[in-house]
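Build the full structure now, drawing on both the sequences and the hints.
Going down the list, the sequences are from chains A and B. By the UniProt record's numbering, the letter at position 32 of the first sequence is numbered 32, and the numbering carries on one by one without gaps. By the UniProt record's numbering, the letter at position 291 of the second sequence is numbered 291, and the numbering carries on one by one without gaps.
A portion of the hints provided could be inaccurate.
Said to hold, decoys possible - When the alpha-carbon atoms are kept at most 27 Å apart in a straight line, the in silico DSS-like pairs for lysine-lysine are as follows: (1) B:Lys552 x A:Lys13; (2) B:Lys13 x A:Lys552; (3) B:Lys462 x B:Lys374.
What the hints assert, rightly or not - Derived DEER-like restraints, expressed as beta-carbon distance ranges: (4) A:Glu312 x B:Glu369: 44 to 54 Å; (5) A:Gly287 x B:Arg264: 58 to 68 Å; (6) A:Glu254 x B:Pro112: 29 to 39 Å; (7) B:Ile17 x A:Arg264: 35 to 45 Å; (8) A:Asn385 x B:Tyr313: 38 to 48 Å.
It should be emphasised that the hints constitute simulated quantities derived from the structure, not laboratory data. Even for Gly, the Cβ is constructed at its ideal location relative to N, Cα and C.
Number of protein chains: 2
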Amino acid sequence: MAEMIYRVNMSEKSFSISECPKEWQEFGGRGLTSAIVAAEVDPLCHPLGANNKLVFAPGSLSGTTAANSGRTSVGAKSPLTNGIKESNVGGTSAQAFAKLGIKALIIEGAAPEGQFYRLHITKDNVEFIDAKEILGKNNRYVTEKMLELYGRKVSVLTIGRAGENRMLVSNISVKDPDGKLRSMGRGAMGAVMGSKGLKCVTVDQGSTNEVNYVDEARFREAAKVFATSLKEDDVSGKGLPAFGTNVLVNIINEAGALPTRNFRSGRFEFAENISGETMAENIKARGGKTTHGCHAGCIIQCSQVYNTPEGEYQTSGFEYEMIWAYGAHTGINDLDVIAQIDSILDDYGLDAIETGVTFGVAVDAGILEYGDGKRVVELLEEINNATPLGRILGSGAANLGRCYGLSRVPVVKGQSIPAYDPRAIKGQGITYATTTMGADHTAGYAVAVNILGSGGTLDPLKKEGQIELSRNLQIATAAVDSTGMCIFTAFPMLSDPKAMPALVQMIEAKTGATLGMDGLVEYGKKVLKLERNFNERAGLNRAHDRLPEFFKEPLPPHNVVWDFTDEELDSLWNF
Amino acid sequence: MAEMIYRVNMSEKSFSISECPKEWQEFGGRGLTSAIVAAEVDPLCHPLGANNKLVFAPGSLSGTTAANSGRTSVGAKSPLTNGIKESNVGGTSAQAFAKLGIKALIIEGAAPEGQFYRLHITKDNVEFIDAKEILGKNNRYVTEKMLELYGRKVSVLTIGRAGENRMLVSNISVKDPDGKLRSMGRGAMGAVMGSKGLKCVTVDQGSTNEVNYVDEARFREAAKVFATSLKEDDVSGKGLPAFGTNVLVNIINEAGALPTRNFRSGRFEFAENISGETMAENIKARGGKTTHGCHAGCIIQCSQVYNTPEGEYQTSGFEYEMIWAYGAHTGINDLDVIAQIDSILDDYGLDAIETGVTFGVAVDAGILEYGDGKRVVELLEEINNATPLGRILGSGAANLGRCYGLSRVPVVKGQSIPAYDPRAIKGQGITYATTTMGADHTAGYAVAVNILGSGGTLDPLKKEGQIELSRNLQIATAAVDSTGMCIFTAFPMLSDPKAMPALVQMIEAKTGATLGMDGLVEYGKKVLKLERNFNERAGLNRAHDRLPEFFKEPLPPHNVVWDFTDEELDSLWNF
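Shown next, in the form of structure tokens:
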């Protein structure tokens, strides 16, 4: 059975289903969303206008038995960066799409101003339903309503009120296997969904399973090798299951690279309070779970169930970057307060990184004081209610900076820099500056090599080798993001020579393609180049591949500065 | 006596005076501010950071007896457009600078956060004075204070509270000969001045007059021809003195090009209420003045004294673009209400075009309703008080659009499009799209030929010839903006073959340069190219030389659309 493209037109309330064209067949996920956006979206269109397109695509391995392959990508022209955007998520949607044989769901046009619909997708059908019953509601309510309506197994993608209000910090939430929420966080994809008049998408695979293998035995053989590699890796097999991503607080703080109080220091004196170790203790003492998978088939289990001191469920998917943003960056030193904020962000559909960075910068604007968690909760309510102050905070750090005339705003291409100071983890700085996505830590996670020693070491404070490292990681990530694989599969792929060939073998055995290791790399290059070409046509050029000027200030404790030349940064694209 | 560069460092509270380098000697005004910014400012610096520079320069003919030569330019990297910016103004400063022999005043560095100073400039001296007595005060108060302190003849350049607050709609005000206010309106030069911790500059020429002529007789001969030409032109000699710039309301409305209610129509049903003819009647009935010069030596006298119905002074410099912004665009149909707003804008130091366009767009955001002048006045108070809503409105239309997720925002390079619909005056659209300044009607005023028939005619609704027209006008304007001449000298220069040679002769006779007509054109080209080069290095490229997508909508009554191709737009730069 061929894989299909589902195309929905929100202006006309119509849909069509067609076979996936040949040139889009080989891969999925980011490669596919970027290829569609690059081919079909005018780079100069308004990102919140009817001519932008919102594209969902499961990875090429999603729906298979491969471990950790359950991620869905969403792509569009981003109203935050004004460039191409891909954001991906675990949860239930990748497998639901894949099992329905849906290679991509393309949302075109826009409902008339003020009208909102939801879509219910089943085999060969897309139903348009007036969204009035869920309009103005947030993600938990909407998700629960849909599960009541269609059963607990249906997949739900939804936006909160901030998305309806087309706010640039809004994201798209996806139901996880337990009915909890995961987020396609970055680049204001929630605002694009809102601009189309689309409140929610439910995907009901029913009993359909269109996932086929060209050579299933060869696939299973590789999948086993890959899973073993994931299990045996120090990071994906040990650190992440034990402490979640928040294992990083102490590590990055120790490295002097934990951006503190709007990037004024690399050390936070309360790091211990918000660390993964503290988190694990709290979880154990309160009857939570230190391990939890965001999607079926995850064997890393870096998520968790974090309870309140009273033992009530508080949040899950409680990530390092979020804890950093409200912790070291905004100065909150109480993990429970941060957990409460995390829960609110999930419900309201707000990107934890973009809002968190904005809040830390808002201290410079006099809007709040460092460490005032109560004020943060009040301000999140302002965002939710779209008050003027909420509109400012809801438009992200770059916009806040413009409204308040600030010159110390940590953004690249309009998107906030997260959790790893580029001066003290220079490879990460290269990724922030040069990725097509705006500052995005996942686009080429040099922390793996600079700090965690996966597959080698490289002094994070020195320039040598960082451009090559970031380039290679960005290429590999573009390819891996196309498979539906979780980014943490990168750790074994860096450290275990068996892992990447196993990934290649899985792709080949599933699709029948002749790829090889070189083919995977070539594919990654192709994706990056088409993304960059889109960005250039949209007006983002080499001058936008730069960090803000204030990173020339020395960062304590190492007193390192950002010292790459323009020529060095531009050389990233020499491939 | 050589002309001098005064250089002030706000970080160090120091100044230096040096001879103007040879390559900067020939011209002044825009050519000089742009040359200095291009040479000395890092295009990637933060425009509100210490590394930006704010440059004031009188025109090359300022201080002479040439009619209408009294304009001062200010330049910097603009925080509104993120590109190079020049804005110019009449008033008293050009002549004061010129007579002191000051070719340019360059403000560098920045006072420590929260500290504000004022500068008092006399022959060979710059005095730094703590600004605490005028901090938090607006332009009328500050100007009056300075006149009390230094006498009525001193020139005053000042920012209001919005400038202190680094708002992107803030401008710089200059005292006119009567102690009234004129504005360097566009591109947030007030925010740059505020970011330096500079509240006010007083320039006291005392009895100094350093203005010299290489050949005074030849200068006087040309000046006489030029003045006659100005007087005899239909626009500069008749229309403007009679009705001010607001003569345009009925003309542009008749042409179907008066952007109404955020560019949804080219006709405003209340045009007559806000027209120049109505204005002239009110002025006569109330004992105002229909003619008034913004600077000594002006013989056009397009300004006026506009009184309230009770015969009290209300405002002057009451311009067409301002009246359009609050009239047709924001829907106010009462000229007296608009006059009240104009007076507030002058006092608060807010760019009439940027705020006015923002207010019209704010209707789409639900912040006010069309025609609600009372609400406009309240909202101006929010800007003045820097409330959150005031911060949004004070950051300009592009930013408002980002905060509220709007896709119908009339800006180019982040700066608002004024008063002439680009679909119905296509030559003006070319200027908006391609000028280095962000949408700026003065950068290449194609209205003169498209509508007013100065020096020829060209169908405003047709594409033919518009690119060449805009190119020639932009080149000529860049040259004329360097002389200190008022833009309205362009009318006789277009229609009377004697005017431009007279201008060239004046420059030659004053400076000793051998210029010729070709030399003037070459100079204009040089200025544009160095501005564009700065912009390219700052990240503004051909993708930014475009109008917003929504101009593809047909504009009633002619139902014309914006239909230039990218290639056509890019061809503007073929020179």
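Of the numbered hints stated earlier in the document, which are not met by this structure? Failing hint: just 3.
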